[in-house]
Amino acid sequence: MAKTDTQDPRGYRDAAERGDLPLLPAERLWGFWEFTYANSALAIATWAFLIGGAVGLFVGPREGIAAIVIGNIIGVILTALPTCIPAGKYGVEQFTALRSQFGPNGSRLVYFLAVVFLTMGWLAVLGMMFGRSIDGLTALVSGGEAAPLGPKVTVAAIGAILLTWFIVAKGPTSIKFFNMIISPALVLLMGWMMYLILSNHSFGALMGMKALAPPFEDNTLNFIIAVEVNLAAGFSWWPYIGNLGRLTRNERTAFWPNIIGIFGAATLGEIVGLLGSVALGNSDPTIWMAQVGGVAVGVIALGFVAFANVTSMANILYTSVVGLRQIGTSAIRNIRWEVLLFGFCVVPLILVVFYPTMYDGFFIFLVWTSALNSALAGIGIADYFFLRRQKLDLKGLHGDPATSPYRFAGGFNPIGIVALIVGFVVYVAVFNPQTLESMPAFKYLTASLPSCFAAGLVHYVLTRIFAKGEGWGNYPRG
Amino acid sequence: MSERDNGWRHELQRRIAVYDEIESKDDWRGQMRAGDYWGLLALTVVLVAGFWAWGV
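Read top to bottom, the protein sequences are chains A and B.
Numbering-wise, this note's numbering puts 252 at position 252 of the first sequence, and it's gapless, one number per residue.
Numbering-wise, this note's numbering puts 1054 at position 54 of the second sequence, and it's gapless, one number per residue.
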């Protein structure tokens, strides 16, 4: 338990906002539209262009738009149900609530698997996107050729990660300032890009275009892979949205804005990325933006995208390190803020130097994360809705772990861990993100949905059979 | 146990009591009801089936 140093009411409220205590309904200030705006600001980011461009590799715009809508709506809903609804009801920090499924140490393990790896991967990819934007911009100005794997990109990517570290080290005020400018401006940029694309191609002509690099002759298989990429995008919100949902007033305001904010905004950005990539023949937004409207437009768009990346990077770095201090041991909390932040940046720095091709296959990394996130969503739904019937023991979640009903075995719930492993194995057996090889069932079921279902079913059945003793989750009986 | 620990425990207890009272009165405002879940299911089915039919 992380304790505040103060005993005044404001101090406790601050501690509750940080996640140390449950927020009371009266302390939660976000209504429907506030949460919708916050969600949209999170979803409208440069990664939407990247994901849309990746979809364009597999399918043309018509199938791509369908895949974006289908994958995102299912992914976002299955992610928001087990995260935002308990958060909206009890105001509990997401990884504190997760103790009811995995135990206090199991929750820490899940944090490292789901948040640390995901954030480090995205920091590297967005850093490279910054580097390529700067490289494309200077090539446009000088009239030379862009070199996506050249030293200039690497140096700029390193600079972006270090700049992000500097901004976040300064604290949340500087991040808020960037967010207020960048999010609305990204909406304008998306509208502008859409206008430029539609000025050069009729809607009918766009819808008739072909995919850039379909990996298989079977169009249905290519389409399902595109759906899978978007399911992965939807499930990738799992580590983040619960802790936003807890700032809302109730379950409904914690859940429904995700449909407009996360689903709507991400879908819009991805569609722009898809149309731009297919219309201009390159899935990399830093390439097609340089070509869409001439030198002046290219320079403005690339310059803007470069710094929008830093904002996205700052958001995820800040959220992840705050979470790390929340779930971490006292040794982690005692590390200085700047040092902990820098420690988080080391792996992304190594990736941009030694694995720059990660950017071109970033969707492989994204799909790998779904093998974990889809299983986590399935376990959360089975645990909260079916096993606990939507009731949590707040004292057990926040009290002494040694006597908590959620202590399980040494702070780990082996049932939750086994279910997570089963979900992961099912995913990789159905669809291998590295090679894109799949079982025949993949064409009908995708991989995220069987993984989500299998993990939830295993968690439910094993809990019903084995989780009976004291300290084994206090599941309701009868 | 220090004064700070006592204060913290008291505050946690106070917050839990607020939720216990809501639970005892079943006064969960803005709770997701059956209509929300049916609406959610309908929205998903319409979007998935509609875009599948349009795009594939």
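Wrong hints could be hidden among the right ones.
[Claimed, not checked] Here are the computed lysine to any residue pairs in the SDA-like style, where the Cα-Cα straight-line distance is at most 25 Å:
(1) K176(A) x F342(A)
(2) K1025(B) x N474(A)
(3) K210(A) x A1053(B)
(4) K152(A) x I300(A)
(5) K395(A) x E1023(B)
[Claimed, not checked] Per label pair, the in silico range of CB-to-CB distance:
(6) L149(A) x G1050(B): 38 to 48 Å
(7) W33(A) x D1027(B): 17 to 27 Å
(8) A1049(B) x A441(A): 12 to 22 Å
(9) V155(A) x E1023(B): 51 to 61 Å
(10) A1017(B) x E17(A): 38 to 48 Å
(11) D14(A) x V1045(B): 54 to 64 Å
(12) E1021(B) x W33(A): 21 to 31 Å
(13) I1022(B) x E17(A): 16 to 26 Å
(14) L149(A) x W1038(B): 44 to 54 Å
[Unchecked claim] Reference listing, derived: stretches of chain B covered by chain A, where coverage requires no fewer than 3 residues with Cβ under 8 Å from a Cβ of chain A:
(15) 1025 to 1032
(16) 1040 to 1048
Just so you know, these hints were derived from the structure itself, not from any lab.
Glycine is no exception: its CB is placed at the ideal position from the N, C-alpha and C atoms.
Regarding the pair K1025(B) and N474(A), is the alpha-carbon distance no greater than 25 Å?
holds (22 Å)
Beta-carbon spacing of L149(A) to G1050(B) - inside the hinted bounds 38 to 48 Å or not:
holds (41 Å)
Does the Cβ distance between I1022(B) and E17(A) fall inside 16 to 26 Å?
For I1022(B) and E17(A) the Cβ distance comes to about 20 Å; the hint holds.
Please test the hint of 21 to 31 Å on the beta carbon pair from E1021(B) and W33(A).
About 29 Å separates the Cβ atoms of E1021(B) and W33(A), which means 21 to 31 Å holds.
Between K176(A) and F342(A), is the straight-line Cα distance small enough, at 25 Å or below?
holds (20 Å)
V155(A) paired with E1023(B), Cβ distance criterion 51 to 61 Å:
holds (57 Å)
Mind checking the hinted window 54 to 64 Å against the Cβ distance between D14(A) and V1045(B)?
This hint is violated: roughly 43 Å between Cβ atoms.
Please check whether L149(A) and W1038(B) have a Cβ separation lying inside 44 to 54 Å.
holds (51 Å)
At least three residues with a C-beta closer than 8 Å to a C-beta of chain A: is that true for the region 1040 to 1048 of chain B?
Check passed, 5 qualifying residues.
Quickly compare the C-alpha distance for K395(A) and E1023(B) to 25 Å and report which way the hint goes.
Holds. K395(A) to E1023(B) sits at ~14 Å (cutoff 25 Å).
For the pair supplied as a hint, K210(A) and A1053(B), is the alpha-carbon distance within the 25 Å limit?
holds (18 Å)
Would you check chain A against the region 1025 to 1032 of chain B, counting CB to CB pairs closer than 8 Å, and say if three or more residues qualify?
Coverage by chain A holds for the region 1025 to 1032 of chain B (5 residues, Cβ < 8 Å).
Of the hints listed earlier, those the structure fails to meet are numbers 10 and 11, in rising order.
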